[in-house]
Amino acid sequence: MRLTTITLAAAVALSSASFAETIAPGDIKFGESGEVEISLTGVAGDAAAGRKIFMNRKKGNCLACHVNSDMAEQTFHGEVGPELDGVADRWEAAELRGILVNSKNMFEGTIMPAFYRASGYNRILKKFDGKTILSAQEVEDLLAM
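Counting in the working numbering, the sequence shown runs without a single skipped number right up to 177 at its last residue.
No wet-lab data here; the hints were simulated from the structure.
Some clues are possibly wrong.
What the hints assert, rightly or not - Pairs of lysine-lysine, BS3-like flavour, derived with a Cα cap of 30 Å:
{"no.": "1", "residue 1": "Lys136", "residue 2": "Lys84"}
{"no.": "2", "residue 1": "Lys158", "residue 2": "Lys91"}
{"no.": "3", "residue 1": "Lys136", "residue 2": "Lys90"}
{"no.": "4", "residue 1": "Lys84", "residue 2": "Lys159"}
Could you put the whole structure together from the sequences, leaning on the hints where they help?
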């Protein structure tokens, strides 16, 4: 009886769970202009988590290059990249996802790093080899912001 109850509980939990599968960096399909149409995780991004990543100097570090007036309380906004106020009005979500995944597919000469790329780097430290800067969900969280 106990085994039946456990089995039934597991079946119910599994049937209601979302089975979103994360797309590996090497499996991403880019459009002609560098856009990435489908979510990397199939899970909606969390805007609050995206905000933290945006400000985190050891993760996204977006503020090092971009101004964002929504984060005026943060110091040292960069001026290298474009201002990000109203970015969702200028770009489609697929284009923004493509820029975050690997901006060089859209802007060949950019100095913006590829945040969801795990290979093809030059002179990388061994501890970073095969790793991405951001996880797939962190990319989706930044998009939600």
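Worksheet item: Hint by hint, which ones does the structure fall short of?
Response: none
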